[in-house]
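Residue numbers (this note's numbering), protein chains in the order written: chain A, 1 to 327; chain B, 1 to 327; chain C, 1 to 332; chain D, 1 to 332.
Simulated from the structure, these hints should not be mistaken for laboratory data.
Since the model is a prediction, treat every value here as computed from it, not as a measurement.
Do not rely on the hints blindly, as some may be mistaken.
Computed beta-carbon distance windows for the label pairs [said to hold, decoys possible]: (1) D:A285 <-> A:G124: 35 to 43 Å; (2) A:K181 <-> D:T182: 30 to 38 Å; (3) B:G74 <-> D:E305: 50 to 58 Å.
Here are the simulated DMTMM-like cross-link-like pairs (lysine to aspartate or glutamate), alpha carbons at most 25 Å apart as the crow flies [claimed, not checked]: (4) C:K33 <-> B:E3; (5) B:K181 <-> C:E328; (6) D:K264 <-> D:E10.
The C-beta atom is built at its ideal place from N, Cα and C for all residues, glycine as well.
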Amino acid sequence: MPEMTLIEAIRQGMDEELERDKDVFIIGEDVGKRGGVFRATMGLFEKYGPQRVIDSPLAELGIVGTGIGAALYGMRPICEIQFADFIYPAFNQIVNEAAKMCYRSNGDWTVPMTIRAPYGGGIGGGLYHSQSVEASFTHIPGLKVVVPSNPRDAKGLLKSAVRDPNPVLYFEPKKGYRLIKGEVPEGEYTVPIGPAQVSRPGKDLSVFAYGMMHYYTLQAAEKVAAEGIDAEVVDLRTLYPVDRETILASVRKTGKALIVHEDNLTGGYGAEVAATIAEWGFQDLDAPVRRLAAPDVPGVPFSHPMQDWFMPNPDKIAAAIRDLASF
Amino acid sequence: MPEMTLIEAIRQGMDEELERDKDVFIIGEDVGKRGGVFRATMGLFEKYGPQRVIDSPLAELGIVGTGIGAALYGMRPICEIQFADFIYPAFNQIVNEAAKMCYRSNGDWTVPMTIRAPYGGGIGGGLYHSQSVEASFTHIPGLKVVVPSNPRDAKGLLKSAVRDPNPVLYFEPKKGYRLIKGEVPEGEYTVPIGPAQVSRPGKDLSVFAYGMMHYYTLQAAEKVAAEGIDAEVVDLRTLYPVDRETILASVRKTGKALIVHEDNLTGGYGAEVAATIAEWGFQDLDAPVRRLAAPDVPGVPFSHPMQDWFMPNPDKIAAAIRDLASF
Amino acid sequence: MDLAQDVQLEMFRAMLLSRRLDERAWVLHRQGKIAFHISGIGHEAAQVGAVFAIRRGYDWVSPYYRDLAILLAVGMTPAEFVMGMMGKRGDPTSGGRQMPSHWSLKRANVISHSAPVATQSPHATGIGLAIKLRGDDRVVLTTVGEGATSQGEWYEAVNFAAVLQVPVVFVVQNNMYAISETPDMQMAIKSVAEKACGLGVPGISVDGTDVFAVYRACQEAVDRARQGGGPSLIEARTYRMTPHSSDDDDRTYRSREEVEEHKKSDPVLVAKRQLEERAILTEKAYAEMDAQIKAEVEEAVRQAEQAPYPEAEEALHPVYAEEIRLAEASHA
Amino acid sequence: MDLAQDVQLEMFRAMLLSRRLDERAWVLHRQGKIAFHISGIGHEAAQVGAVFAIRRGYDWVSPYYRDLAILLAVGMTPAEFVMGMMGKRGDPTSGGRQMPSHWSLKRANVISHSAPVATQSPHATGIGLAIKLRGDDRVVLTTVGEGATSQGEWYEAVNFAAVLQVPVVFVVQNNMYAISETPDMQMAIKSVAEKACGLGVPGISVDGTDVFAVYRACQEAVDRARQGGGPSLIEARTYRMTPHSSDDDDRTYRSREEVEEHKKSDPVLVAKRQLEERAILTEKAYAEMDAQIKAEVEEAVRQAEQAPYPEAEEALHPVYAEEIRLAEASHA
Ligand SMILES: Cc1ncc(C[n+]2csc(CCOP(=O)(O)OP(=O)(O)O)c2C)c(N)n1
Ligand SMILES: Cc1ncc(C[n+]2csc(CCOP(=O)(O)OP(=O)(O)O)c2C)c(N)n1
Ligand SMILES: [Mg+2]
Ligand SMILES: [Mg+2]
């Protein structure tokens, strides 16, 4: 199997879907000649032309709203939001329109649309090029929210997203674009939207994570393994709908749960995971449900000492694992 | 003490603040001659004139963005969003701007602004005149989010919101506008933003609620009291920042927790309350943390049988209380 | 007028049907049989003029809540409308999920819209883009009120359409009010059509109480769009003859004299006069038509009243497209 | 030119200081001493022309990221700028929280802005409203790029300002690119100034490489605003002479020839020629000024390099206004 980076896998996924289905097209800012500011769409404009890879005006609401309309007509738009931090102008279209279309029309109208957005911190982006925005969407019935943590899933989930008959938000951990490498199967495959995955079986405690934090969690698990702590790591992958079964099965096995994300603690996605466990896994628990997350400040500061303070990392995760394991 | 309705208390609060401080002004759609579509601002245009009660163009982003600018200059705007369902066009301004202003400028700039919006279902409003939107904001450091459940708090919290040096979202349970009546102290008083309140002390289990659901929860608690179940009811009132102390103190006392809201279950505000208890109240718990919330469908349906199915009510709450009490 | 006489009559009948049904809705509301009504009275010429300019059922429509006449003209039945008012299962817009007059009619290419104003405008642009990408020869008709043009959402929709040169006709029904607010509280220009020049699209303002004037303006825009000439903006100037909705009391913000004054240019009366002058309609033919329409409306109300409500559990689906079958099974 | 000679010289000096500092930033970036730079090279005339039209430090400014020359002209010191680039505690915009060039300068009435484009536009309108409500005689200057005018946010801001008739001057620095996209990908009109007619505000397009032309246009708009005449829209046409930012590679979307061609109308050269023609500046005086500025820039870099970084824990505050004291205490 060829090894590639996360962003290469995403690009290959888009390439194959554009090739496979002529209803698929990409729309976003600088996705054409520029190939996207992160180069996710590099080469696609040259290959598929300006009808399939469309540079849009600088307006996220317009990008998503136009995507919804095209999807209603039967197309399969991939909308690129340049940074997740800039998704909020489109919030009304995503939450009030795309998410509610199927239900409100009693199934007459559906919105088969993918919205891609790079998210996450630790890249010197300051408050507005570092945000984790998933929790704003993992509360909205009608949406699906996925976050890949490795190239294989990235490609497979992207292809599933494009083929999904519903609006799918596909958040890309941008710090891992070139940092995270891995094998990607040759030939056609998809990764289903829905199931989380136990990426490292273990018996002492369960650590739930996604995206870049999943990557770090695996590193932390190796660290503590050397100290005799056997952590199970679960890659949540699909954040919404919530895969409660996999979460609860893991807690049933280990009795302890730690949730890790780089979004703020309060009201972050970890709250729902914790609530799920506290409600339906209560009798399996032999320790408090812990969350390791960013502090409750409005964003990731630019200056390095403050950025480092903000971001979870393998050391902080390992410390939290040790702490919980010793409860 | 005079008795009044929830909406009268809100109006009186605004009236007194307009009177007290000439920097206070109201801006929104139809707030002038029309007095607001719910009549919350009735009479204020006539009393304070078009400079203090400003009918704006039909654009929520513009309302909030203009409010932020005025607040930066030192004014104290009260922005009215006609229905909470229409707050999303302003999401970017609230979340990326108002919330982050103080932090990002290292305290140089602050946004003393109140955003009022009627929220909640059960009024035949269908998907777009019934929404509970609080969970979209109780995750955003820099914001404060309050929801009054009775006239006394409504007036007192509104006055605190107007005087607060930060952006405060003030969500009004519109089904209770005229239904909820209560005594309001004469003369000047405020209710602090921050603390939740034990509105009915009890010993068997704790029920956490706010807004209309708090009103219903008190009714449910009376019902089950007749059956010998002594429920403690906590009115959360300030949803963000979270009053973890009051929540945990109640669970310490009762050992059982039920959270009630009319927003969707998954990712709703209840998730954070449950996570708080699962993390810091774990050793006090002798039952799973339960949530009673709306089902995970995209909105409140219009047609009555479906609306009734969607909405929590005193009977459903009483059933959930009985169920948890018997665990 | 180059329109065939039978088409002119058909247009008039569409206006009258909309009017009578709308009036009946107000009665149903007074009778306590429906909880809410938002009216198109005064808008019939704007709507019928616009919708007759497209190929109905073939072209696409992204409407707004006052568009009863448009929906009837593309084939929504009066009974379907009343079922929507009552939240009956047979409501074709949403199976009782949405409030009345939040349209959708899949079989006629009318997309579902919501309450937040102007949200349907970018959808029209997207449909236009899809039509262009597929190489189809359809056009999209989309409507809003003048108040909704204050939304950035509307601006971005028209701008995208202009830049992408897609076949969309943006019709603005300027009825002089957005609930209580007058146009000068929305914009610093005299006519919505002036917005066209800032967006680089052809713009025109027409008398929205004259169905044939609206028709001509829209026909030109539709033709241009279909031939690849891109989008247009059309303002149809009219007057909201009722309160904003059944929840509104318009006496707080406008005088009875003003409302009375505008009844003189009631679009149904204007059209009736035009057809009479053109000797296409006689008083007798009108009376017959009206009687027939009124009977049709009564029959619709009867049918709707007898129709079942949805079961509570139908509300569980379909949140996702995968559940559409489940939803269908549950109300089969 | 009715501007006093010393003011003209002062304007030129402001442009040159901005240019030299900006060039130095690129060098710092190549040296690996800073991680990011977004440049104002090519924008100096547009910015200096605009900011000299207001009462600096008295009027308010709601700027965007390229406005280095504006910030210097209202009193940000070069050292403060470099500290911002380096994320040093002394960064006056944010104490190292924001990325470089995300301005704020409280003491000069420059508000804090963020990265999402056009978000600062409605703030300008709100400040204008506050000025009007308080009866003050200030005006607000606010800027964006031409790409940002595609945002509904910008449209609503100008529309509110027009309807409320508040004293705001909206300046659009049209540099022919929004990252890789040209104006025809943003709008279906030939000039941003055409947007004015759809919004009911005076609009004008000026040569943004001519500082005095920009000054005259802005002065007129500022005077009108101060006298209660409401907002204006001014497009200053210029060219982005650098890649979008230090993260960009512009060779993928524009030719080297095109970039070279535009160097002929480099606004600093244009202004230098103008002052030479008016005999206000000699080659010798220029060389002296330049040397002095370069020394000033080096001194700024030296100071900034020696300045401390914030402590990690400073990041904890101030989330809320109540914590401002805590924040101040922690870095006292
Ligand atoms: C985003 C949003 N804000 C507020 C409302 C509440 N509202 C419903 S209709 C309306 C006025 C609309 O006026 P206009 O666009 O002129 O259409 P008209 O009703 O006059 O036909 C308002 C403010 C809404 N539906 N959506
Ligand atoms: C809402 C939003 N979307 C996308 C971006 C990413 N972005 C940063 S600058 C830029 C181009 C801006 O172009 P223009 O407004 O013309 O200003 P210029 O940079 O050319 O001065 C884009 C797309 C952003 N900052 N904000
Ligand atoms: Mg109107
Ligand atoms: Mg530009």
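Here is what the structure says about each hint:
For the hinted restraint 35 to 43 Å between D:A285 and A:G124, the CB-CB distance of approximately 41 Å keeps it satisfied. Between A:K181 and D:T182 the beta carbons are some 36 Å apart, a value that agrees with the proposed interval 30 to 38 Å. One distance hint, 50 to 58 Å for the beta-carbon pair B:G74 and D:E305, is violated here, with the actual separation near 37 Å. As the CA atoms of C:K33 and B:E3 are separated by approximately 33 Å, the hinted pair breaks the 25 Å bound.
Taking the CA atoms of B:K181 and C:E328, the gap is near 43 Å; set against the 25 Å cutoff, the hint is violated. Distance check on the hinted pair: D:K264 and D:E10 sit about 23 Å apart at the alpha-carbon level, within 25 Å; holds.
When the structure is compared with the earlier hints, violations turn up for hints 3, 4, 5 and for no others.
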